[in-house]
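Colleague: The chain contents come next:
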Amino acid sequence: MSTVTVQLFASYAELLGASSIELSLAPGSTVSELVRKIRLLPGASLLPTTPRVAVNRAFASSDQRIDPSDEVALIPPVAGG
Amino acid sequence: MSRSAIVVSEIDVAALIGEIRSASFGAVSSFIGTVRDVSDGRRVTAIEYSAYSAMAESELQRIVDEAEKRFGVSALVVEHRTGLLELGDVSVAIVAAHEHRSPALECTKFVIEEIKKRVPIWKMEHYEDGMREWVDPTRSKHTSPA
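Listed in order, the protein sequences are those of chains A and B.
For this note's numbering, count along the first sequence from 1 and bump the result up by 2.
For this note's numbering, count along the second sequence from 1 and bump the result up by 30.
Read the hints as simulated data drawn from the structure, not as lab findings.
This one's a predicted model, so the numbers in the text were calculated from it and none came from an experiment.
Please note that a few of the clues may not be correct.
As the list claims (entries may be wrong) - Looking from chain B toward chain A, a few residues come up when the C-beta cut is under 7 angstroms (computed): (1) Arg162; (2) Trp164; (3) Pro167.
The beta carbon of each residue, even a glycine, is placed where N, CA and C say it ideally should be.
The task is simple: from the sequences and hints, build the whole structure.
Modeller: What follows is the structure in structure tokens.
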């Protein structure tokens, strides 16, 4: 298992009560597995089923693998402009 | 000549236009987004913009790069502001210049539409009744007390 830090922003940071969380992931885990683990956390039941995830500052697909050195973030619906 | 930035201070639209104006361009198109006083029928007093700054900057630059290729525009400046903005403040400015008007106009529209889809920036509206809400264009809003 390895530890991955996930950055949280805006409404998702409020839901989970933190600006980042640390998760233990098995080697080769994917974005969808990461999301499944996050949804088990207190407050996370209000997250969408498939929130957008960014890996290394780019939107990631659900089957993208996550490396412990990756910069990972959960992205709430964007509202710029 | 093209650039983009996430900024925390007031956006100087005239300076952005001056930055890309040139005798070789026949058209300068701009889009200016400002803080409005009403949202869904509720009186808004301010909007607080926040961002995942590192990704917002890279995503904004990707949009600028795509727009340059797509519209043949070589002079494009985009600034998006974060922090607490008051009514009427400029939240985003997009200025594009081209030899002809159509690519310049289409370029500014493309950039604002892509910003709204892809750039990790969020806004919390502050209302006259003291409540605040995250703006979520995809679903009902998440409410939190002021």
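Colleague: Close enough to count: is the Cβ of B/Trp164 nearer than 7 angstroms to one in chain A?
Modeller: Hint holds; B/Trp164 Cβ to chain A Cβ min 4 angstroms, cut 7 angstroms.
Colleague: Hint validation: B/Arg162 versus chain A, beta carbon distance must be below 7 angstroms. Holds or violated?
Modeller: violated (11 angstroms)
Colleague: Classify the hint on B/Pro167 as holds or violated, based on whether any CB of chain A lies nearer than 7 angstroms to its CB.
Modeller: holds (6 angstroms)
Hint compliance for this structure: hint 1 is the single one not met.
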